[in-house]
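Using the sequences plus the hints, can you model the full thing?
Chain by chain, the residues run as shown.
2 protein chains.
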Amino acid sequence: MLIKERLFTPGPVPLPPQVIKALGQQIIHHRTPEFTQIFNDVRQKLQKLLKTERDVIMFASSGTGAMEASVLNFFKKKDKVLVINAGKFGQRWKELGTTFELNVIDYQIEWGKTYSKEKIEEIVKENPDIKGIFVQQSETSTTTYHDVKFLGEISKKLDDCLLVVDGITSVGVYEVYPEEIGIDVLVTGSQKALMLPPGLAVLYFSEKAEKRLSTSDIPKYYFDVAKEAKKQENGQTAYTPAINLIIALNESLNLILDEGLPQLAKRHEIMAEATREAVKEIGLKLLSESPANSATGVYAPEGINADDLRKQLLKIGFRVAGGQDHLKGKIFRIAHMGYFDFNDVIQVIAGLELALAKVGYPVELGKGVKKAQEIILKNI
Amino acid sequence: MLIKERLFTPGPVPLPPQVIKALGQQIIHHRTPEFTQIFNDVRQKLQKLLKTERDVIMFASSGTGAMEASVLNFFKKKDKVLVINAGKFGQRWKELGTTFELNVIDYQIEWGKTYSKEKIEEIVKENPDIKGIFVQQSETSTTTYHDVKFLGEISKKLDDCLLVVDGITSVGVYEVYPEEIGIDVLVTGSQKALMLPPGLAVLYFSEKAEKRLSTSDIPKYYFDVAKEAKKQENGQTAYTPAINLIIALNESLNLILDEGLPQLAKRHEIMAEATREAVKEIGLKLLSESPANSATGVYAPEGINADDLRKQLLKIGFRVAGGQDHLKGKIFRIAHMGYFDFNDVIQVIAGLELALAKVGYPVELGKGVKKAQEIILKNI
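First to last, the protein sequences are chains A and B. Under my numbering, the first residue of the first sequence is numbered 1, with each subsequent residue one higher. Under my numbering, the first residue of the second sequence is numbered 1, with each subsequent residue one higher.
If you are wondering where the hints come from, they were derived from the structure by calculation, not from laboratory data. For every residue, glycine included, the Cβ atom is placed at its ideal position computed from N, Cα and C. Heads up, a few of these hints could be off.
[Unchecked claim] Some chain A residues close to chain B (C-beta under 8 Å, calculated; not the full set):
id, residue
1, Leu7
2, Leu15
3, Gln18
4, Ile27
5, Thr64
6, Leu96
7, Tyr222
8, Ala242
The following block contains the structure:
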């Protein structure tokens, strides 16, 4: 029997047909007016996406490359920085910080939880010389949302501190306007809500962050922000760019901006709420106490291995993600960011019910679906 | 009138239809047996390409990223290294070396020339403690071939020296077998003779180079070879890979291996020879005294700006590259690497004749073409 495989993983996410079409074309050269035109269009659209008039730069790398660039370009060795370490990607900030010899205050948080405001206040009170706060707006490994607005306020109050945000699974999901929020450095990657294949990273930096470029003493070459910024403001890149991803990004940004950012954020909110309420209705427990709108982490029922459940889901056509590190086998994660609509959410919930039935969990078919439908109906 | 634009630049080069088709597909997830299968196929094919049984690793970056990785992973700060600096990319080795605090002996060579064996022998005699020799096998900016075999012999004679080769425009053009040649670290990029869009880099390292991994003291994260090698031998990557480029690489490696490496090298040799002899027949002068088979650099005729000639070539359908840095306006470069055959060479030579006629150079139409045809006829 034909079963189409559907991707519900939190990156990569499905590509829109417009993007596939843009990718499946003959290459063009990057040192041409034609490419520069597209590149500049993309840069302008990225500015609209982030509601900024500042230049936003791109790297040919995965999102981790832009995370590394955030450390390399805006800090000095021994700078004291605070890392909100609440999952696999928080851990990555910590590793990057220590690799490049920053003095990292590692605020470890149980996976599935967000930070405590009191604890943050306590840390900054004891460490007024903090030069940076590193956080994920959406920690993908635990599907947890961290409030960046509060951190923006905290950061501003400090003498000379930058708020550095991994927006890899928040940009294109929420309205992420760094200047309104108080984010100084914001990075994202192509294969999440930007709806592209992996291999392109995006980096925004504030005027305040820009001042750090000239004093940073960490050696850098490929991820040199000052060099790239100078090149890119003239419609070029320091090294060969990810040409076909940039051309495809032009298409996906059209989709995003045509929908409109408030509407896009609302759609993600509805899809996330419908997913959460449906899985709870089915009787399952959410992983996160502060769930993100990009993906929903769910504990497998007692006695059922989450990876067995995922295998069953795959058999009936749905690829969802598992847990990482110590959550492996315990949870699964359903994405709803990027090229998804509410019908997709209903479909995967129905699929989850079927899979649960197949692995012997006493599920009432349609119960979760109905809950999701109710939430959606209120919003359409 | 319809004029189709044809790409004759030394990167990016045209994509084969098989590659375009592979790119224009829905994305698949990278943590799947399906992707691991493709990834492992690609790894095996890369081993065939380089005639090695050692693992070859990939990065989501442009070629410069892999060049940076060569410096970061196999050297210690203050290590004395020799850079063969004979063009823009030789200069890049130097910049990378100094950025990451190596002690660089900068052997500067006039653009268009290759190194002197005597000079190399002199340098290594005076500096027996050299830890690395950095070179381009094909220096794209000057379309110059540097003999790496001799450098391999020199390197082996030294106490503890690695030969690091930028093979970005030589792999897929020549038979580049690092173990036969004595190359310890070899890098290449996707948008050259591998016939893909930019954004994927490849790195080979020898057993001797591997021993350096544990002693290297330069901070690294995204370009950490040891970490990637460990992941990739298990069919995965440390960070999200350039999924669609890897899938497309599987296709382009099929093309390369089906043609066979000796035949592929022969084809490039014929195309390069035909191009060189044809432009000389037209009365133009070659840029390089040691021309590479990847691309041919040519001086514009006396009194004609090379960029004006290029504009004319573009009008009649051929995009060729200009000169870089101080060669700008003086030379143009015609690529013949990757998805080109001898008919393409004939076509661009005919186009060059037409363009020269249009800009007022006294060219005998068909003269260069005939020369190219003669060379080709001897070989088919």
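Tested hints:
no.	hint	verdict
1	Leu7	6 Å, holds
2	Leu15	5 Å, holds
3	Gln18	12 Å, violated
4	Ile27	5 Å, holds
5	Thr64	4 Å, holds
6	Leu96	5 Å, holds
7	Tyr222	5 Å, holds
8	Ala242	4 Å, holds
Going through the hint list in order, the structure does not satisfy hint 3, though it satisfies all others.
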